[in-house]
Amino acid sequence: MSEIENYLKQVRKGMRFVSRTNKTSFCDELGAQFEHRGSLPQENPVALGKAMRQVYGIGMFYRIILIVTAFPLGIFSIPMISSWFPGVPVNLFLLLSLVWVFLAAYYGGRWSGLFTGLSAATPRIIALIIFSIGLDFINTFFDSYEVSSEVTGLVLITSLLLPIVGFVSGGRIRRPE
Amino acid sequence: MTRKTDAVTELRRGAFELALLAFLDKEASFGGAIIDGLEEATKGGFTVTEGALYPALGRLEKKGYLEPEMRKDIEGRKARKYYSLTPDGKVRLKELKEAWLPLVEGMNILFMGDENE
Chain A
1 MSEIENYLKQ VRKGMRFVSR TNKTSFCDEL GAQFEHRGSL PQENPVALGK AMRQVYGIGM
61 FYRIILIVTA FPLGIFSIPM ISSWFPGVPV NLFLLLSLVW VFLAAYYGGR WSGLFTGLSA
121 ATPRIIALII FSIGLDFINT FFDSYEVSSE VTGLVLITSL LLPIVGFVSG GRIRRPE
Chain B
1 MTRKTDAVTE LRRGAFELAL LAFLDKEASF GGAIIDGLEE ATKGGFTVTE GALYPALGRL
61 EKKGYLEPEM RKDIEGRKAR KYYSLTPDGK VRLKELKEAW LPLVEGMNIL FMGDENE
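Read top to bottom, the protein sequences are chains A and B. Everything in the first sequence is counted per my numbering, starting at 1 for the first residue and increasing by one. Everything in the second sequence is counted per my numbering, starting at 1 for the first residue and increasing by one.
The hints are simulated quantities; they were obtained by calculation from the structure and are not laboratory data. Since the model is a prediction, treat every value here as computed from it, not as a measurement.
Distance windows between CB atoms, simulated:
1. B:79 - A:68: 32 to 38 angstroms
2. A:91 - B:91: 48 to 54 angstroms
3. A:17 - B:6: 27 to 33 angstroms
4. B:86 - A:137: 55 to 61 angstroms
5. A:25 - B:74: 15 to 21 angstroms
Within a straight-line C-alpha distance of at most 27 angstroms, the following computed BS3-like cross-link-like pairs (lysine-lysine) qualify:
6. B:97 - B:63
7. A:50 - B:81
8. B:62 - A:9
9. B:43 - B:81
10. B:63 - A:13
11. A:9 - B:78
12. B:26 - B:63
13. B:72 - A:9
14. A:50 - B:78
15. B:81 - B:94
16. A:9 - B:81
17. B:94 - B:26
18. A:13 - B:78
19. B:62 - B:26
20. A:13 - B:81
21. B:90 - B:26
22. A:50 - B:62
23. A:50 - B:63
24. A:13 - B:62
Far from chain B, some chain A residues (derived; all Cβ distances over 12 angstroms):
25. 67
26. 72
27. 96
28. 139
Every residue, glycine too, gets a C-beta built ideally from N, C-alpha and C.
Go ahead and model the full structure; you've got the sequences and the hints to work with.
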């Protein structure tokens, strides 16, 4: 393997999770520069790749994975679920959902943050509607099931915060220059 | 891990966008040529590394200030990505220039004293 091929391999490593198109385009650009200057870039290749990942963000495939996986995290973060499955650590799942939203916002930008937040919030909002409207129906299976207004309010606020946090933090995170 | 940035780095970073836009306003250019050309045009005042140049080009492209174009200058060689200013880029350059020039003038007076005094 030539030195430029080896260098580009390291750059690609730094650009992990970036779309193939962007990776190839940037490596071609560096290859053309090598051809022009006859010397390798002075920069550490992995660091250069990571800096470019901050510019391009992660690829669409990985953004979709974050959005899709946020949905089950949202389900397991519904507090009412602990009544049926007491072992489920709902707060931990809520925290994980928040981490997921931050990850999406940091690596994918504000729209990824927003959609990941919406995905995590959707099952929580649906649960809230079901428990608000269909409590009588639910109580035909479970005796005297109740949801306090505090829990309802908390679920509503945290659910609304997830997409908002994703959108706002995606635009405010200061990326390395 | 946080990166420590001093005042000099901050100053250079602030001026870099302006320098890049001003350089590319004269003629479209590609990565390697920008590194050499910018250093030459500023008589060594601006030495740029790939680690600063490419992310900056990427950001300016994303903001819509630069437009890339793939050109194959010489047959058998790799195509080069030439960057040129978009109309938005020209507006941005004008804005930065208008902010920069009085700043430099003011700082020069501060450093050397007003000759009229």
